[in-house]
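K.L.:
Protein chains in written order, with our numbering: chain H, 1 to 550; chain Y, 551 to 832.
Some clues are possibly wrong.
Not everything, but these chain Y residues come out facing chain H in the computed CB check (under 7 Å) [stated by the list, open to error]:
(1) D592
(2) D607
(3) P812
When the alpha-carbon atoms are kept at most 30 Å apart in a straight line, the in silico BS3-like pairs for lysine-lysine are as follows [claimed, not checked]:
(4) Y:K821 to H:K150
(5) H:K493 to H:K426
(6) H:K397 to Y:K729
(7) H:K220 to Y:K739
(8) H:K430 to H:K527
(9) H:K375 to Y:K588
(10) H:K397 to Y:K634
(11) H:K426 to H:K500
(12) H:K95 to H:K108
(13) Y:K634 to H:K220
(14) H:K527 to H:K546
Just so you have them, the derived chain H footprint on chain Y, three or more residues with Cβ under 8 Å [said to hold, decoys possible]:
(15) 662 to 669
(16) 736 to 747
By construction, these hints were calculated from the structure, which means they are not laboratory data. Quick reminder that beta carbons are idealized off the backbone N, C-alpha and C, glycines included.
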Amino acid sequence: MNEVSVLIGGKAGDGINSAGAMVAQLLNHLGYRIYLYFDYPSLIRGGHNFAVIRGSERDVGTCRNQVDFVLALNEETIERHKEKYTQKTVIISNKDLVKNGSYGIPVKAILAEEKAPVIMGNSALIGGFAKAAGIEWEVVDTVFRRHIPKGADQNLAVAKKTFDLFDPVHPIKKCENRPQPLVSGNEAIGLGLIRGGLNAYISYPMTPSSGILHFLAEQKERFGITVVHPENEIAVILMALGFAYAGKKSAIGSSGGGFCLMTEGLSLAGMAEIPLVIVVSQRTGPSTGLPTYTGQSDLQFILHAGHGEFPRMIVAPGDAQEARYWSERAMDIAWKCQCPAFILADKTLSEGIYSLDPDSAMSRSVSFVSLWDGKIPYRRYENTESGISPMAFPGAKDAVVKVNSYMHDEAGITAEDAGISNQMTKKRLKKWETLIDVMQGYPMVIQSGTSDASTALLCWGSVKGVCEEAASELGLRVVRPVVLAPFPVDPIKKALSGVKRLIAVEENATAQLAALAERHGIITHEKILRYDGRPFTVEDLVFRVKEAGI
Amino acid sequence: MTRTLITSAQNTWCPGCGNFAIQHTLKNLLSDREMEGKSLDDVVLVSGIGCHAKIADYLNINSFYSLHGRAVPAATGIKLANPKLTVICCVGDGDAYAEGLDHLIFAAKRNIDITVIVHNNRVYGLTTGQYTPTSPLGFKGRSTPTGTAEYPVNPVELMLASGAGYVARGYTRKMDLLKELIRAGIAHKGFAFIDVLQICATFFPATDYYDSHVYELPVTVSPGFEAACALAREWDYNSDARIALGTFLTRVSPSFDERMVPVFVGEEERKRAIRELLDARM
Numbered sequence: 001m002n003e004v005s006v007l008i009g010g011k012a013g014d015g016i017n018s019a020g021a022m023v024a025q026l027l028n029h030l031g032y033r034i035y036l037y038f039d040y041p042s043l044i045r046g047g048h049n050f051a052v053i054r055g056s057e058r059d060v061g062t063c064r065n066q067v068d069f070v071l072a073l074n075e076e077t078i079e080r081h082k083e084k085y086t087q088k089t090v091i092i093s094n095k096d097l098v099k100n101g102s103y104g105i106p107v108k109a110i111l112a113e114e115k116a117p118v119i120m121g122n123s124a125l126i127g128g129f130a131k132a133a134g135i136e137w138e139v140v141d142t143v144f145r146r147h148i149p150k151g152a153d154q155n156l157a158v159a160k161k162t163f164d165l166f167d168p169v170h171p172i173k174k175c176e177n178r179p180q181p182l183v184s185g186n187e188a189i190g191l192g193l194i195r196g197g198l199n200a201y202i203s204y205p206m207t208p209s210s211g212i213l214h215f216l217a218e219q220k221e222r223f224g225i226t227v228v229h230p231e232n233e234i235a236v237i238l239m240a241l242g243f244a245y246a247g248k249k250s251a252i253g254s255s256g257g258g259f260c261l262m263t264e265g266l267s268l269a270g271m272a273e274i275p276l277v278i279v280v281s282q283r284t285g286p287s288t289g290l291p292t293y294t295g296q297s298d299l300q301f302i303l304h305a306g307h308g309e310f311p312r313m314i315v316a317p318g319d320a321q322e323a324r325y326w327s328e329r330a331m332d333i334a335w336k337c338q339c340p341a342f343i344l345a346d347k348t349l350s351e352g353i354y355s356l357d358p359d360s361a362m363s364r365s366v367s368f369v370s371l372w373d374g375k376i377p378y379r380r381y382e383n384t385e386s387g388i389s390p391m392a393f394p395g396a397k398d399a400v401v402k403v404n405s406y407m408h409d410e411a412g413i414t415a416e417d418a419g420i421s422n423q424m425t426k427k428r429l430k431k432w433e434t435l436i437d438v439m440q441g442y443p444m445v446i447q448s449g450t451s452d453a454s455t456a457l458l459c460w461g462s463v464k465g466v467c468e469e470a471a472s473e474l475g476l477r478v479v480r481p482v483v484l485a486p487f488p489v490d491p492i493k494k495a496l497s498g499v500k501r502l503i504a505v506e507e508n509a510t511a512q513l514a515a516l517a518e519r520h521g522i523i524t525h526e527k528i529l530r531y532d533g534r535p536f537t538v539e540d541l542v543f544r545v546k547e548a549g550i
Numbered sequence: 551m552t553r554t555l556i557t558s559a560q561n562t563w564c565p566g567c568g569n570f571a572i573q574h575t576l577k578n579l580l581s582d583r584e585m586e587g588k589s590l591d592d593v594v595l596v597s598g599i600g601c602h603a604k605i606a607d608y609l610n611i612n613s614f615y616s617l618h619g620r621a622v623p624a625a626t627g628i629k630l631a632n633p634k635l636t637v638i639c640c641v642g643d644g645d646a647y648a649e650g651l652d653h654l655i656f657a658a659k660r661n662i663d664i665t666v667i668v669h670n671n672r673v674y675g676l677t678t679g680q681y682t683p684t685s686p687l688g689f690k691g692r693s694t695p696t697g698t699a700e701y702p703v704n705p706v707e708l709m710l711a712s713g714a715g716y717v718a719r720g721y722t723r724k725m726d727l728l729k730e731l732i733r734a735g736i737a738h739k740g741f742a743f744i745d746v747l748q749i750c751a752t753f754f755p756a757t758d759y760y761d762s763h764v765y766e767l768p769v770t771v772s773p774g775f776e777a778a779c780a781l782a783r784e785w786d787y788n789s790d791a792r793i794a795l796g797t798f799l800t801r802v803s804p805s806f807d808e809r810m811v812p813v814f815v816g817e818e819e820r821k822r823a824i825r826e827l828l829d830a831r832m
């Protein structure tokens, strides 16, 4: 199978991420499916940044330990990543800054010759890479023209200089696939929300969720949405609830720390039965933790966040494709069941760049929001069979729409009476049942790998990619609940049928999914955990699984 | 059809509570609005939590009975979602000046077109008598039995400094003036703030003090920002001074909801936009 890995490293501020995106596009245009992992510390200038771009004939969502090409913008890159090199690794470097790269490029001289600004130095390395990898000049030309809207000619001139300098050292093969759009997980979430009918996105910046805020703010006119960045996360959730009360679909996003501040508003959403989509993109905690590194340590928090008892939906997409699909559905489900719907992501997914199939998931069943039939008096919390009360919004003729954070009667007026409290609590609990019914129509659990293997990996979220690859190498089964609340016990048990050894794979220290599964009678025999903020690589996981014993 | 403006919810305010006057004033304003042929369907009342907030149960209009301190951001969301709505926030002094002060300042800074009425009795009533940000120095409440060790904030001055376009102070025992101040606040296009002095019959019965210290500002053209600030400092909610009632400042500038109106994009156009965006990522 064709596959290739490229590492680009340099200082923060060197444009590693955009250079990585260009390399990703070159591989995309050769028919490779892409995953790009971007690693950076929490600072603006200085420090070491690197991106690993992995191209594969098949869908990919993780990295391997070894790389075929290194583009080194500084000496540190060469030193730091030594363990990733093989005999065949081609090191292309900026000769002015790096002493011992095998393919040094006189970047300064080339830029001077082309009278190009320093910022175009990365194009010199990309041109060198393209030639070393045997990529045709036409592909470089196409990609530069498509993805550098300003100054493509000059960048191409710089790239051509180095392109002509080398011979193909390690030519990579073309694949049969057509190029696909490359998007980050955060962008995929934004696109899904837009398709779900989003009217307003409200968020306070917090890595790694900020990409959604930036993307939607930049695209707000194109999509016709309102984007607000308020004073804090408490205002974020209250504003979003205000939007939804007034009949507009809203979504909010944060990471664990910011979401902590929102839990008061979450309980309000539960009590007042106001629909809301909440994106929580995890990073390593507790507290400020590792702001720019990944983690899966907030599952138990999101399951239990907020005081009091109320239904919620939690979904953890495994890649960009699923992120788009589920963000769209989360909006439907939130409005159908008038409850909070969570999209639980992490840094790996949010900031990773993936190939996205543009044609998949374009059609969807129309969702039905239960609306008021106009019969007076309107009662916001009318008790129904399903627990779901028809909605009306302020402005509707003769509807007095009262929502309330207190225990309330059907009209939304505060009631502390024991009988009403009982009745309304039961009504909200009925929505759990309704939510469980609604979820039956969705692919809540994904089984992959060797379907009759008696050893299975149990995982969730962005470790999908690495688990599937490791399972494929080792002949294992993978069982991955995408929906985590309501917990799909029966579909998981079905997917585990015949499994004798179950190994949990999670990027946290306490195996949070395993604990959740155990509460439902699903026992894991081993737990493979990583909690240093770095995602598993295929080799890591294969080694750890073998160590644990298949 | 004329609406019954009061719900059947049992009123549980203490006899003599200042909240009655504010509710009565709002009821009269709503009734006037109906008489003018304007619909009450477009009015939304947003409240915090505290004695004041029961008004959400008592007035028979759309309401969002929010959380302690959080009425203002909910109201901001409602107004942004549907700028045609008239959004009135009833909040308390502990509610808006302590728990939710950040929201109040930002609403003034943004100039969101909502009207914030602060039921300022300078004490927590519902939690049975603790000091609030506007209680005077030395106030003996249940959390400060030997008296507070901190000065109060001056909310009028604070709102002027935060950029509020309409700043006024009323008193529940001057109901005609109160009605005019709230009416003008609602009519003001932009953020309107009205600090309403009211007594707490149980924990801060200051009727005699207010009655002997208040005076009405002349209803003339707004005196400008500097003069408004000087006027606001006349009484600092602590020392013994005359208490001005009326409008401190009226200043009209583009509101947040006007500036934030989204572009209308239909569903088909949205789908096309998504396709174009994805095309550009290849």
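K.L.:
Now, for every hint given, state plainly whether the structure supports it.
P.N.:
How the hints compare with the structure:
no.	hint	verdict
1	D592	holds (6 Å)
2	D607	holds (5 Å)
3	P812	holds (5 Å)
4	Y:K821 to H:K150	holds (27 Å)
5	H:K493 to H:K426	holds (29 Å)
6	H:K397 to Y:K729	holds (26 Å)
7	H:K220 to Y:K739	holds (25 Å)
8	H:K430 to H:K527	violated (35 Å)
9	H:K375 to Y:K588	holds (22 Å)
10	H:K397 to Y:K634	holds (14 Å)
11	H:K426 to H:K500	violated (40 Å)
12	H:K95 to H:K108	holds (9 Å)
13	Y:K634 to H:K220	holds (21 Å)
14	H:K527 to H:K546	holds (12 Å)
15	662 to 669	violated (count 0)
16	736 to 747	violated (count 0)
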